[in-house]
Amino acid sequence: MCLAVPGKVMEIEERDGTRMATVDFGGVVKEVCLEYVPDLAVGEYAIVHVGFALQRLDEESARRTLALFEELGLLQEEFGDPWEAAAEAGQEAGQ
Amino acid sequence: MKYIDEFQNPELARRLFDEIRATVTRPWALMEVCGGQTHTIIRHGIDQLLPDEVELIHGPGCPVCVTPLEVIDKALEIAARPDVIFCSFGDMLRVPGSDRDLFQVRSEGGDVRVVYSPLDALKIAQQNPHREVVFFGIGFETTAPPNAMTVYQARKLGIPNFSLLVSHVRVPPAIEAIMTSPSCRVQAFLAAGHVCSVMGMGEYPELAERFKVPIVVTGFEPLDILEGIRRTVRQLERGEHTVDNAYPRAVRPEGNPAAQAMLADVFEVTDRAWRGIGTIPASGWRLSERYRDYDAEHRFSVDGITTREPAACRSGEVLQGLIKPNECPSFGTTCTPRTPLGATMVSSEGACAAYYLYRRLGVTATPLEASPVV
Amino acid sequence: MSDTTSQSPRHLPTVDISGWTCPTPLRETPRVVMGHGGGGALSAELVQQIFAPAFGGELLAQLGDSAVFSLGGLRLAFSTDSYVVRPLFFPGGSIGDLAVNGTVNDLAMSGARAAYLSCGFILEEGVEMPVVAGVADAMGAAARAAGVEVAAGDTKVVEAGHGDGVYLNTAGIGLIPPGVDLRPQRVVPGDVVIVSGDIGVHGVAIMSVREGLEFGVEIESDCAALGGLVQAMLAVTPDLHVLRDPTRGGLAAALNEIATASATGVVINERAIPVPPAVANACAILGLDPMYVANEGKLVAFVPREHADAVLDAMRAHPLGAGAAVIGEAVAAHPGMVVARTLLGGTRVVDLPLGEQLPRIC
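Residue numbers (the working numbering), protein chains in the order written: chain U, -9 to 85; chain G, 72 to 445; chain H, 2 to 363.
For the record, the hints were derived by calculation from the structure and aren't laboratory data.
On a predicted model such as this, the values are computed, not experimentally measured, just so you know.
Heads up, the beta-carbon is just placed ideally off N, CA and C, and yes, glycines get one too.
Treat the hints loosely; a few may be bogus.
[To be verified] Looking from chain G toward chain U, a few residues come up when the C-beta cut is under 10 Å (computed):
hint, residue
1, G273
2, R301
3, P324
4, A353
5, R370
6, V373
7, D374
8, G375
9, I376
[To be verified] Derived EDC-like pairs (lysine to aspartate or glutamate); straight-line CA-CA distance at most 20 Å:
hint, chain 1, residue 1, chain 2, residue 2
10, G, K227, U, E49
11, G, K73, U, E50
12, G, K194, H, E215
13, G, K194, U, E50
14, G, K227, G, D315
15, U, K(-2), H, E212
16, G, K227, U, E50
17, U, K(-2), G, D76
18, G, K227, U, E34
19, G, K194, G, D154
20, G, K73, U, E34
21, G, K194, U, D6
22, G, K73, H, E219
23, G, K73, H, E212
24, U, K(-2), G, E77
25, U, K(-2), H, E215
26, G, K194, U, E49
27, G, K73, U, D14
28, G, K194, H, E219
29, G, K73, U, E3
30, G, K73, U, D6
31, G, K227, U, E1
32, G, K194, U, D48
33, G, K73, U, E4
34, G, K194, G, D170
35, G, K194, U, E34
36, G, K73, U, E25
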């Protein structure tokens, strides 16, 4: 289900009484219906599925998620890889 | 592409793998509900890189695979009519009906067209006012709003030659059905992020509480999948079972109210048969009374078609992780990706199709005698 | 948070999962389907089950891009291909360019320098004359650029509604230089796999203008004649093992054909495959894999390891090989299979596509 990709709104227009946008997916441009996210503005990103914007993409959430992943690494660099540490501890215990 | 490339970063993926490895202490069985997530898992080889304790059971969340035979047969009958232009998403064309598929209907003269969006089908209807244009409206809660909007537009714009053959399915009743199955061994769910972009998370706390399973709303890029797994495993190890959102950039707790309102207007909840699984109560949508005129089943009087599939393989047990695909007697002999017996073999990300490829790899790496296959 | 508890209790589903059942198989396709022309497993079956037995003959049984044989003391390559493309004119070329370059390239993959082409036109009643002239002009220009002469031709007309305007067939013949022996059977474990540049470009350019899929993209078909590039590679060493132009079915189909015919395994490093962002993103939207998307101006080469660096340098020095990259190697393990090392370090099998690749939603 649900092959949906993030795209950036380039232009917005009304067509046949329907809110439509030109959306850029990294150099690939398609017409997208904005009726479900009507307050989406030019420059914002949305999740697009079969030609429809379904949800605004929240930049701040994306940034926080990535920052969390970075922190996972930092914690490990600080305390060492817990998996390796466990393996080393096991070897020492066995010797 | 922004919001995709960052979430495929191999270095951050390694950190997430490490973190999952560091967290897990015993075996857990997780089900990713959505076929799109299964696709990412297979495409990137994520399942091979996870610790042995984490088992991913591929769920029934491929709308193409679970569309019931009866509906496929109705589609084939409608598509074969000379007055009809039958429009569909590409992946439906190869799904077998009782005796043929949409490709074969096309080879017999049917006008079957692949479109990217249901709005493209509506456009074709406007351009061909003297022909009936039918769109095959399949999919989960993600695809239902686009299809609903298209029917709404057809009525608003007065396009009488457009109709929808509907076979929509809903995720929460499927989770409920899986958890109430006597042989169920799923201990947690990765919920489909884009379904939740539309529906929000409101339907899940009750399920998590009733069945004592963690449900983590999960995205579709490799890092999203790994984060979903990480949070799920953490809950399992702590004995928790809450609803968590690992995909906040695209999922708000309330979902998309405008889309939900359109769904409530255009569709009504109905029982729905899932191919390879059976009928699940209240698990589907059909067009509501207001939009009955746009229902292709009524327009082409195919509601009489009923079918019954013979039990030929054991995909149900495969989907549950009860048996490995190669323990099914049909596996690799009468059932291959070319001639699929079951939903799990139909799509490239189905459990059997995936296993078929890796078994070939395993078999050629070690002599067949050395690894007896049931 | 949830108000579902306020709903009236409904009938509990009684679905016994161990009793889930499965659809009946579709064993046969009684008629030709589009996939038979897709360059994948269905195409191969059509040739192996119907054409090869009917024609007999050892040359055809080799199933190469072109037949290679000796005649009057000369080693010749002979090939034919038919062209059906919609629309006839697309960003970066036309059916006329494809018809010349496609056959020139089939010959080039056996190391031959294309000398003469024949051309068959199947025209649909009612097609506008300027369209026919446009296609013919494109063919003439492409032939001059490739250094090949269109020496024989034929025209037929079918009734309106029985064709897409213009169908073309070309056949070609060329000389193979002494010492050149390009065939998959020569591939050995350790051979280096080189691709001549960005993949998926032609297929995405065509899809961008196909009815029902239209999208805007700054990308043009890579359609080009590869004879010059191949000559530049052979100038480094005549001892290349095999060349293929990954057209229908894309890189995945070409690599699978070589793996099967050579009975070696192929390992590809996904990160090394040159995929331009526009191709990657168009594929992301449509749910396609760039490895399965068609190319019309690229080749993939299996080169003995000792020559790989020099061949790569020669390719990069040629305008049509500027983006050449080493993407993998032939291995002794898993003979007949193509395996990709994924971005994250996992592995996946890159299977032969069944037929044409379809946009998917799931």
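>> Let me make sure I understand: some of the numbered hints might not hold for this structure. Which ones are they, in numerical order?
In response: Those not satisfied are hints 1, 3, 4, 5, 6, 7, 8, 9, 10, 13, 14, 15, 16, 18, 23, 26, 28, 29, 30, 31, 32, 33, 34, 35, 36.
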